[in-house]
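Listed here are the chains, written in short residue letters.
There are 2 protein chains.
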Amino acid sequence: MRIRAFAPQDWAQVWPIISEVVRAQDTFAYDPAMSADEAYATWVEVPSGRTVVAVDGTRVHGTAKMGPNRPGPGSHVSTASFMVAADARGRGVGTALCRDALDWARRQGYAGMQFNAVVETNRAAVEVYLREGFTVIGTVPGAFRHPTRGRVGLHVMYHEF
Amino acid sequence: MRIRAFAPQDWAQVWPIISEVVRAQDTFAYDPAMSADEAYATWVEVPSGRTVVAVDGTRVHGTAKMGPNRPGPGSHVSTASFMVAADARGRGVGTALCRDALDWARRQGYAGMQFNAVVETNRAAVEVYLREGFTVIGTVPGAFRHPTRGRVGLHVMYHEF
Chain L
77 MRIRAFAPQD WAQVWPIISE VVRAQDTFAY DPAMSADEAY ATWVEVPSGR
127 TVVAVDGTRV HGTAKMGPNR PGPGSHVSTA SFMVAADARG RGVGTALCRD
177 ALDWARRQGY AGMQFNAVVE TNRAAVEVYL REGFTVIGTV PGAFRHPTRG
227 RVGLHVMYHE F
Chain G
77 MRIRAFAPQD WAQVWPIISE VVRAQDTFAY DPAMSADEAY ATWVEVPSGR
127 TVVAVDGTRV HGTAKMGPNR PGPGSHVSTA SFMVAADARG RGVGTALCRD
177 ALDWARRQGY AGMQFNAVVE TNRAAVEVYL REGFTVIGTV PGAFRHPTRG
227 RVGLHVMYHE F
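Sequence order for the protein chains is L and G. Position in the first sequence (first residue = 1) + 76 = the numbering used here. Position in the second sequence (first residue = 1) + 76 = the numbering used here.
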C-alpha cells in the first residue's frame, strides 16, 4: 500500500468512502446529507493544502486531507482529516495516512498539527494519534451526538513538532 | 446601548470594526488581508445563524455572530464571535454582546456554547467569558502568532447550558 496525491479519477472511489463515513455519523461532525459536490469542495484541498489517497494497486482504501488549521496568525499550525473504507479497517491504513500527513506538515515547515474534533469513542483513531505523538489538549463534553452512545466528547488533540 | 439584529445598512459601520480588528492580528485568526466581500461572507450569518450589532443611537460600537459550531452530529453546540470598536472598549460592549449570544443560544435550544480559538493574551475577552460561565477546556500552546508577544496559546472554552 502506498500514499499518493489525489487525482480527479480517484473521486469515483473516494466519494463512496466519504459517503459511508459521513452517513454513519459516528466519527465526523459533517452534514450526513452532504452531496457529492459539497463533499468534493470540502475534501479536495487546493494548495497550500493537500489531499491524498492510500492505494493498493488501483484500489483506494483510504484518504486524507491536510493544510493550515486557521488563516492569518494561526496558519503555522496544520490540521488533517482521515477516512478509511469500512472494509479496509484494522490494517494500518489510518496509521499510514497519519504518518504521511505528519511528514508532509513537517516538510512544509508547520510548527505542529492540531485536530479540532476527534470523537472520543473513536478508539481506533484516538489510539493511532496518541501512538504517533499527539496529546489530548482537552475534551468538550457531549459535543458529538453518537447514533448509539448518545452525547460523547470531542477531543482537541495536538502534536508539536 | 442595545443589541439588535444586523441590517444591511449597518455594514458601513461594521466593516471598519472588522477591518481594524483583523489587521491588528492580536485577537482573531482571520486573514489580515481579507477583503470587504470576504468579511461580509464570513461575518454576516444566514439562518440558522445570526449576526447582531451593539448600537447607541445610530452608532455601532460592536458586533457578534453566532450559530452552530459544527454541522451534523455537532450541531447541538453553538459558537459565537465578538468584535468591539477600539474606541468603545472597556465599556461593557463585549459583555453585553456575550450575554445576548448566550440568551439567544439558550432560546434556540442549543446544549452549550463553544469558543474554538480564544487568544490567551486577550485578557479582556477571557475575563468576560469566565465571568459569564465559560471554562477553559484546554489551551493549544503557541497556536497564535501575536504581533508583539510571539507565539501564544489558543484556549478552547465551553459553557454547558
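The set of hints was computed from the structure by calculation and includes no laboratory data. Among the hints, a few may not be true.
A short, non-exhaustive set of chain L residues, derived as facing chain G with CB atoms under 8 Å [to be verified]: (1) 82; (2) 83; (3) 107; (4) 111; (5) 114; (6) 192.
Covered, in the sense of this in silico footprint (three residues per stretch, anywhere, with C-beta under 8 Å from a C-beta of chain G), are these stretches of chain L [unchecked claim]: (7) 126-138; (8) 142-149; (9) 229-236.
These figures come from a predicted structure and were not determined experimentally. A virtual CB, placed ideally from N, CA and C, is assigned to each residue, including glycine.
Hints and how they fare:
no., hint, result
1, 82, "violated (22 Å)"
2, 83, "violated (27 Å)"
3, 107, "holds (4 Å)"
4, 111, "violated (13 Å)"
5, 114, "violated (10 Å)"
6, 192, "holds (7 Å)"
7, 126-138, "violated (count 0)"
8, 142-149, "holds (count 5)"
9, 229-236, "holds (count 4)"
Consistency with the previously given hints fails for numbers 1, 2, 4, 5, 7, ordered from lowest to highest.
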